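Residue numbers (the working numbering), protein chains in the order written: chain A, 3 to 307; chain B, 67 to 368; chain C, 12 to 620.
Rather than coming from a laboratory, the hints here were simulated on the basis of the structure.
Small disclaimer: the values here were computed from a predicted structure and weren't measured.
Take the hints with a grain of salt, since some may be wrong.
Facing chain A, a subset of chain B residues (Cβ under 8 Å, in silico) [stated by the list, open to error]:
| # | residue |
| --- | --- |
| 1 | L110 |
| 2 | T207 |
| 3 | L221 |
| 4 | I287 |
| 5 | I288 |
| 6 | F331 |
Label-pair ranges, simulated between beta-carbon atoms [what the hints assert, rightly or not]:
| # | chain 1 | residue 1 | chain 2 | residue 2 | range |
| --- | --- | --- | --- | --- | --- |
| 7 | B | A250 | C | E332 | 26 to 36 Å |
| 8 | B | V127 | A | L62 | 27 to 37 Å |
| 9 | B | G196 | C | Y449 | 26 to 36 Å |
| 10 | B | R91 | C | A340 | 14 to 24 Å |
| 11 | B | A250 | A | E94 | 50 to 60 Å |
| 12 | A | E68 | B | Q313 | 56 to 66 Å |
| 13 | B | A250 | C | A340 | 48 to 58 Å |
| 14 | B | A250 | C | R102 | 54 to 64 Å |
| 15 | C | S160 | A | I100 | 38 to 48 Å |
| 16 | C | T476 | B | G196 | 31 to 41 Å |
| 17 | A | L225 | C | D91 | 13 to 23 Å |
| 18 | A | I100 | C | R379 | 51 to 61 Å |
| 19 | A | R226 | C | L27 | 28 to 38 Å |
| 20 | A | R226 | C | E214 | 48 to 58 Å |
The beta-carbon is built from N, C-alpha and C at its ideal position, and this holds for glycine as well.
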Amino acid sequence: MLKYILLRSLLALAVAFTVSLAAFFLLNVATDPAQAIAGEDATQEVVDMIRARYGLDQPLPVRYFEWLGGVLRGDFGESYYWHKPVAELVAERAGVTITLALAALSVTILIAIPLGALAALNPNSWIDRMALGVAVSAQAVPNFWLGLIMIILFAVMIPIFPVSGDDTWRHFVLPAFVLGASSVPAIMRLTRTGLIEVMGADYIRTARSKGFRGGALLRRHALRNALLPVISVLAVQLGQKFGGSVITESIFAINGLGRLALESILGADIPTVQMLIFVFAIVFVAMNLLADIINAILDPRIRIG
Amino acid sequence: MTQTDAFTFDAPEEAEPMSPGQLMRRRALNHTGFLIGSGIIVTLALIAIFAPLIAPHDPFVQSLSSRMLPPVWDPAGSWDHLLGTDQNGRDYLSRLIYGTRVSISIGLGAATVGLLIGVTLGVVAGYFGGWVDHAVSFALTAQLALPGLLLAMALVFIIGPSIWVVIGIIGVLHWTYYLVVTRAATQRLRNLDFVAAATASGATPRQVIWHEILPNLIPQIIVIFTFELGIAILAEASLSFLGVGIQPPTPSWGLMIAEGKQAMFYRPWLVVLPGLSLFTLVIGANLMGDGLRDITAPEGRN
Amino acid sequence: MGKLLEIKDLSVGLPLPAGLLHAVRGASIGLDRGEALGIVGESGSGKSMTALALMRLLPQRAVQGGSITFDGVDLGTLSDAQFSQGFLGHRIAMIFQEPMTSLNPVYTIGRQLTEGAVRYGGYSEAAARKRALALLDRVGIPDPVARLSQYPHQLSGGQRQRVMIAMALMLEPELLIADEPTTALDVTVQAQILDLLAGLRREMGMAMILITHDLAVVAEQSDRVAVMYGGEVIEEGEAQAVMAEPAHPYTQALLSAIPRMDGPPRQLGAIPGTVPSLLSPPKGCVFAPRCAYVRAECVAARPPLLGDSAHSRLCILTDAERPARAPAAPIRADHVMGKQDVPVIDGRDITQVFTSRKGMFGPKHTIRAVDGVSLTLKRGETLALVGESGSGKSTLARIMLGLALPTSGTVEMLGRPVADLLPLERAALVQPIFQDPYSSLNPRRTLAEIIARPLTLRGTDDTATIATKTREAMEMVRLPSRLLHSYPSQLSGGQRQRVAIARALVTRPQALVCDEPTSALDVSVQAQILNLLTELQAELGLSCLVITHDMAVVHQVADRVAVMLGGRLVEEGTCDAVLRSPSNEYTARLLAAAPQFRPEVSGVQETFA
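Construct all of the structure, not just a fragment, from the sequences and the given hints.
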């Protein structure tokens, strides 16, 4: 068990390293950061000066390892745009995004799992059809558009919630719903198919032959097996919520990491973009690791090889 | 408590069983979701192809005198501009019609790029296994860990937005679903005896993959393609909405929503109409995908 | 006192997209206290559905008719809750075919054993645990205390089936239903489990319903037998009477289709045609379309129930009208033309080591799947390679086929090392036939494409020649040419196996390697395929390597036998010598464990004596 977690952690580290490498090269090969900072019309001298000032005249691998060395020392570089240490920027804004992501995940769980379970237990009933309808619609709705419609409906026409901002819990209701809704289809379908599959498994037939029926059968025999795959995907979805916060935060004017990302892209602020990609990847990898550990605790086949 | 349809029963063969093709045709005609979905897709595809013939106005012609006219059902609306006009006085219906072209071509292009990457990696990893499989799995985890939208935004912004760049970048970031499914399916297929029989008859790995394995993957690939079509269309719309996708004056639905956002409290149709268009197109693709999955499923549920 | 169980006129229908499938029709079965009833039938005969109906485990959408009375109580009048709390576990219990999947993988053995007794049986935790320990000990699980805290994946298949049996017996049921309890297990384990069940039944005085496709198992284990076909009970009676003097033409045909170990191998009785469609059951006798003695009345109306309670059948033939059974002519007196001592495939000192890792960095495990085996297939002979699962026989078969190169050792085909042969040269020499006809044909290709594929790959023939050769191959395996453009999904299991044989023979190879060629098939279909292989071998002078676990199949087809255990060859010799007087202890055990079908001496008394 310990060994399993250790191996998983090593793999997670390797993935994070690879991702940072990929992002660094993609962002730095695709463009000339010095030119981006200087602007389109800058003279060659200005560009060269900037290049020297930010150390951009060195070969890519050297720059990467300098960047990586900085990251390991806790130095994430300086933002070209805000002229502040990136780490400071990220730290200022992370809290809001974490709140938003967790709230969104709760929305997903509260809608998707009960709906998926009810659909699985009553296949082809009205509730199954409704769940399928919800999944298909939620999958097809453009997330940013849903945000705007929510604002029109629940902040303007029926003013229950504020239009934008991040001061009180009321500010987070609409954004959390919008961000959470995007994961509902995947989790709902997974819960449904997982539970249907489990309910058809031989060991459920065994339990039925021992007299188990209804709620007892579900609680004591089906649920844990059906939820094992859901946990992994929930963790993945939580990781993706951070990346997905770009849209939600820009629509609801929430001052979190997502908005920072959009602003730094539009300001050609490569160090900040790079750092955010790295942070989001680390969050994703950490969540995946957490899911692996939870699965190992719940599934003896992993725990005891 | 319910017993589910995963129940197996070794039914003896019918007198004259149908061929796979006949069976699929019959299931397709009985599948409401599939019929609705493919109906939507075919209609919108025709609109995209014949946009110049259908659109009542030139979608690019601006008119300062007729800005933000309301749709025909509004008391102030007119039949000249069925769905009103936008901030620049361009006919909204015509822009929506031309927007179909942008969405569908980017969707098809990006889903194809993703297909080529994902299926190639999936089949190779599934067939050869070993270190190839480990390497591909690692690439998969790394790709999943990358914040896709953020990276796409950054890359489109840096490289410079054009329809080809948008197609390429969305495609390059959306191959994981193909990979996961084709890899698992190939692993299963390559252990089946008909692959061993082909090898025993002297077939090379290349011949086995093309003749024995790929034909069996086609239904699943088509299903994923329809889903990825919807995902790519939504991704383009998001990028364009955020200003790092299709640039004005090209009529992209995502961009139109962004442009209409400023006036959305007073003229909600500017936001509602392109959003509904997106919703309809994507739901069409998804219904078709769900339907195809049921139709091509080996046991045929329901 | 009345019967313990009385099933009257049971019918089960399953709604399918194509219509209502009549899985069971008008089945009536009775069972006394302490009695053992065997229900035999081929797949799709309705035998498992009958048991599931009794346990109320049918799919929810199934429609059920008729009545089931248990100890005087009409079960149809009980609610689901009353039935599951009053009967399941306490009075009726069941064990299933698949021990590997029938236990919940995420809970301990102990929890699964005791939960029913605690929840519905009025046991305390401690009492249930005590009973579970005693039962685990009784069913032969070593160290029961440790087992209680283990998980199913830590146990072997045979052990899991023992746990399933202990679980079913927790509340001392009056009736135990065993649905193919040993089909998924190895022969030697199979025999142990069957003996265990028989012993427990006597100790506890339970009644038992044993559902199986294996007539030999029924003959050894039951007092009474019900034979099912096409959803109907077509013959029922005392086991000895039914086995020794089958009264229904189907039972007769089925019995003559079983390869027997006594006497010389004989032509097997194959039943022509295929199983009827249960979507539109016939007006008349369900067996009429395949019956050798069919008359006009048989097709027009349901046959009468003839005989008495000791032995009855659904057939129009009276005892006097029934033709006497004549033993079929022996085969293979000298059926092999030109048998020579020329080796076709010659394996020397073959060792295959597999290394596996758990995950990317896990510890290495090495397994010697094949350990220094030398095996020679001579021209024109049939060599049977026998062993249980994990013996390495299938790995060895792949190596002898040239599909895999061994870790060490050499394989020569007609004197040339297989490593030097081009894939197409190797393909011209030896072809495989696989166990599972459902996975050995590409579902996306028509029969014509499948059979012609080896020719296309060889690329020496033009299109017209390929078409001709494909047709010839279809004729050779007795498949009608109208099926040429069908897909595998439109064929039955037996037909598919014929296609696989046609594909193997279309390039006229010298040798076939058949890996369990009939073990996925029903008895009557197995008979067809074994007969076909024997005939083709004589016709074409083929050499055959047959891998099997079934001693009766060995006796039926083989000239020589090689026995494998744990990757090594433990015995090799002529078929007669090895089967009659095995020199190796393991071979002897395999032979003793094989359920042998000897209707003349069947019956419970002899088996347990």
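Hints versus structure:
no.	hint	result
1	L110	violated (13 Å)
2	T207	holds (5 Å)
3	L221	holds (6 Å)
4	I287	violated (19 Å)
5	I288	violated (18 Å)
6	F331	holds (6 Å)
7	B/A250 - C/E332: 26 to 36 Å	violated (59 Å)
8	B/V127 - A/L62: 27 to 37 Å	violated (47 Å)
9	B/G196 - C/Y449: 26 to 36 Å	holds (28 Å)
10	B/R91 - C/A340: 14 to 24 Å	violated (50 Å)
11	B/A250 - A/E94: 50 to 60 Å	violated (43 Å)
12	A/E68 - B/Q313: 56 to 66 Å	violated (35 Å)
13	B/A250 - C/A340: 48 to 58 Å	holds (52 Å)
14	B/A250 - C/R102: 54 to 64 Å	violated (44 Å)
15	C/S160 - A/I100: 38 to 48 Å	holds (40 Å)
16	C/T476 - B/G196: 31 to 41 Å	holds (40 Å)
17	A/L225 - C/D91: 13 to 23 Å	holds (21 Å)
18	A/I100 - C/R379: 51 to 61 Å	holds (54 Å)
19	A/R226 - C/L27: 28 to 38 Å	holds (32 Å)
20	A/R226 - C/E214: 48 to 58 Å	violated (36 Å)
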